[in-house]
Amino acid sequence: MARTFQAVVVGVSTGGVHALQKLLGGLPAAFPLPILIVQHIGADADGGLAKLLDERCPLRVKEADEQDEILPGTAYLAPPNYHLLVEREGFLSLSADPYVSFARPSVDVLFESAAAVFGPGLIGVVLTGANFDGSRGLKTIKNKGGVAIVQDPADAEAPQMPQAAIAATGVDYVVALDGIATLLQKLAARRNTIPHDEKGRDD
Amino acid sequence: MQIDDVEDVEIRLLLEGVQRIYGYDFRDYADASIKRRLNHWLAESGFDTFSQAQSQLLRDRSVFESLLRGITVNVTEMFRDPTFFRAVREQVVPFLKTYPFVKIWHAGCATGEEAYSMAILLNEEGMAGRYRMYATDINEAVLQKAGEGVMPITEMQRFTRNYQKSGGRASFADYYTARYDRAILSPALKKHIVFAPHNLATDGEFGEMNLVLCRNVMIYFKPALKERCLRLFDSSLLPGGFLCLGLKESLERRKMGERYEELAAPLRIYRKRYG
Numbered sequence: 006m007a008r009t010f011q012a013v014v015v016g017v018s019t020g021g022v023h024a025l026q027k028l029l030g031g032l033p034a035a036f037p038l039p040i041l042i043v044q045h046i047g048a049d050a051d052g053g054l055a056k057l058l059d060e061r062c063p064l065r066v067k068e069a070d071e072q073d074e075i076l077p078g079t080a081y082l083a084p085p086n087y088h089l090l091v092e093r094e095g096f097l098s099l100s101a102d103p104y105v106s107f108a109r110p111s112v113d114v115l116f117e118s119a120a121a122v123f124g125p126g127l128i129g130v131v132l133t134g135a136n137f138d139g140s141r142g143l144k145t146i147k148n149k150g151g152v153a154i155v156q157d158p159a160d161a162e163a164p165q166m167p168q169a170a171i172a173a174t175g176v177d178y179v180v181a182l183d184g185i186a187t188l189l190q191k192l193a194a195r196r197n198t199i200p201h202d203e204k205g206r207d208d
Numbered sequence: 175m176q177i178d179d180v181e182d183v184e185i186r187l188l189l190e191g192v193q194r195i196y197g198y199d200f201r202d203y204a205d206a207s208i209k210r211r212l213n214h215w216l217a218e219s220g221f222d223t224f225s226q227a228q229s230q231l232l233r234d235r236s237v238f239e240s241l242l243r244g245i246t247v248n249v250t251e252m253f254r255d256p257t258f259f260r261a262v263r264e265q266v267v268p269f270l271k272t273y274p275f276v277k278i279w280h281a282g283c284a285t286g287e288e289a290y291s292m293a294i295l296l297n298e299e300g301m302a303g304r305y306r307m308y309a310t311d312i313n314e315a316v317l318q319k320a321g322e323g324v325m326p327i328t329e330m331q332r333f334t335r336n337y338q339k340s341g342g343r344a345s346f347a348d349y350y351t352a353r354y355d356r357a358i359l360s361p362a363l364k365k366h367i368v369f370a371p372h373n374l375a376t377d378g379e380f381g382e383m384n385l386v387l388c389r390n391v392m393i394y395f396k397p398a399l400k401e402r403c404l405r406l407f408d409s410s411l412l413p414g415g416f417l418c419l420g421l422k423e424s425l426e427r428r429k430m431g432e433r434y435e436e437l438a439a440p441l442r443i444y445r446k447r448y449g
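Keeping their order, the protein sequence lines are chains C and R.
Heads up: the first sequence begins at 6 in this note's numbering, then just goes up one per residue.
Heads up: the second sequence begins at 175 in this note's numbering, then just goes up one per residue.
No lab work stands behind these hints: they were computed from the structure.
Just so you know, these numbers come straight off a predicted model, no measurement behind them.
Glycine included, C-beta positions come from ideal geometry on N, C-alpha and C.
Check the hints yourself; a few may be wrong.
[As the list claims (entries may be wrong)] Short, incomplete list of chain R residues facing chain C, as computed with Cβ under 10 Å:
1) Glu181
2) Asp182
3) Val183
4) Lys209
5) Val249
6) Pro256
7) Thr257
8) Met392
9) Lys400
10) Glu423
11) Ser424
12) Glu426
[Stated by the list, open to error] Here are a few chain R residues that sit away from chain C, every Cβ distance over 10 Å (derived from the structure):
13) Leu187
14) Tyr198
15) Ala204
16) Arg210
17) Arg211
18) Arg235
19) Glu239
20) Gln265
21) Arg306
22) Tyr308
23) Glu314
24) Tyr394
25) Arg405
Kindly produce the complete structure, drawing on both the sequences and the hints.
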């Protein structure tokens, strides 16, 4: 069965500023998919990170506002102190619900809600981090037929989050940070050509 | 059909049933968040599926009450977003003080943290006795809690930090009494607050308000319901009155926005124009 990827979700914590610069910096302005990102960040942070990334990366990067339409070639960062979720109608929503996996924004919340909407059309990426947020969400992505990419723990500034993700589910790709942008471009370009056996479910 | 699709159908049927039997309409709540909350409730309820829960839910009011608690509790903290409360203190209160008496509607007050924060702020600015705050919520169980004014003592450190950052003029410890694991807020703070039930999806406006505060409540609503709320707030506000929204909510790209000027730019404090 063929599929077209519809979105990329990224979860990152400790070491994230560097990792996101590297990952997003390696993608062209015309990258065909939207990218939704949870970077763990203090509740009082301002929108500085989105601005910095927007200046340094070809892609458009912005802090997500509620009801933002999800557009290709744009990276949306979860705002501090809010969970970021995906609505079926193709826009973003925010929630101030309690911490999930000790975090708000939580990677698990983004991944689970995106998996429910995009199913096999979703690519989940877990990068450096010193906790285990994202592993449950990545498992959900795999269960719904999506693709899972994890930064090689040996390459990560903090290996725990990638390790937890790898332990939680059958990951498709374990890659050094350097290689992830290229891999995403390859996957995004491989529209409708995914061989049947790669569609596999993780159950 | 994937399990998810089945669950979406179940949720739709359940919400339809709840609306028809109990009159509470959650069909215009944003899907992603309500689904999370419903699943959370389901996991704790002991039912395996929403279909299984439905027959009891529609017949047994106590099951419905537990669902209502599960899906309508908004979480907040005292002086959440200290920069917002600082802006209210420094930029909004001077206007409010020009009135002999002001009325405030705090919509979606949940367990009362922000209502009490506002009361502390107004009292410190010399407005005690010159305001009444209507703090409303859809959920009567949380309203009762709000009225009690008792918070977990473990939160006080965070609330104190927020209070200080917001420009508080006193010592935060003056506002509560510690008793075992709880902090009992000073009864004086309740004096000008009226806690009352109100459903933003179905109930009407509050007349002649000088300030309407509704932060991080509409983020859970679909566009049509958001629109309804904003209309409600607009018709409740006097000209020159203030509308305070959550930091990620805005009047941008909304027709109603033309009638408002933004007072403190990133903090979502709007002032209704005259005429």
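Going through the hints against the structure:
{"no.": "1", "hint": "Glu181", "verdict": "9 Å, holds"}
{"no.": "2", "hint": "Asp182", "verdict": "8 Å, holds"}
{"no.": "3", "hint": "Val183", "verdict": "13 Å, violated"}
{"no.": "4", "hint": "Lys209", "verdict": "7 Å, holds"}
{"no.": "5", "hint": "Val249", "verdict": "5 Å, holds"}
{"no.": "6", "hint": "Pro256", "verdict": "8 Å, holds"}
{"no.": "7", "hint": "Thr257", "verdict": "8 Å, holds"}
{"no.": "8", "hint": "Met392", "verdict": "8 Å, holds"}
{"no.": "9", "hint": "Lys400", "verdict": "8 Å, holds"}
{"no.": "10", "hint": "Glu423", "verdict": "6 Å, holds"}
{"no.": "11", "hint": "Ser424", "verdict": "7 Å, holds"}
{"no.": "12", "hint": "Glu426", "verdict": "9 Å, holds"}
{"no.": "13", "hint": "Leu187", "verdict": "17 Å, holds"}
{"no.": "14", "hint": "Tyr198", "verdict": "19 Å, holds"}
{"no.": "15", "hint": "Ala204", "verdict": "5 Å, violated"}
{"no.": "16", "hint": "Arg210", "verdict": "7 Å, violated"}
{"no.": "17", "hint": "Arg211", "verdict": "7 Å, violated"}
{"no.": "18", "hint": "Arg235", "verdict": "25 Å, holds"}
{"no.": "19", "hint": "Glu239", "verdict": "20 Å, holds"}
{"no.": "20", "hint": "Gln265", "verdict": "19 Å, holds"}
{"no.": "21", "hint": "Arg306", "verdict": "27 Å, holds"}
{"no.": "22", "hint": "Tyr308", "verdict": "22 Å, holds"}
{"no.": "23", "hint": "Glu314", "verdict": "20 Å, holds"}
{"no.": "24", "hint": "Tyr394", "verdict": "7 Å, violated"}
{"no.": "25", "hint": "Arg405", "verdict": "17 Å, holds"}
Figure legend: structure checked against the earlier numbered hints; hints not met, in rising order: 3, 15, 16, 17 and 24.
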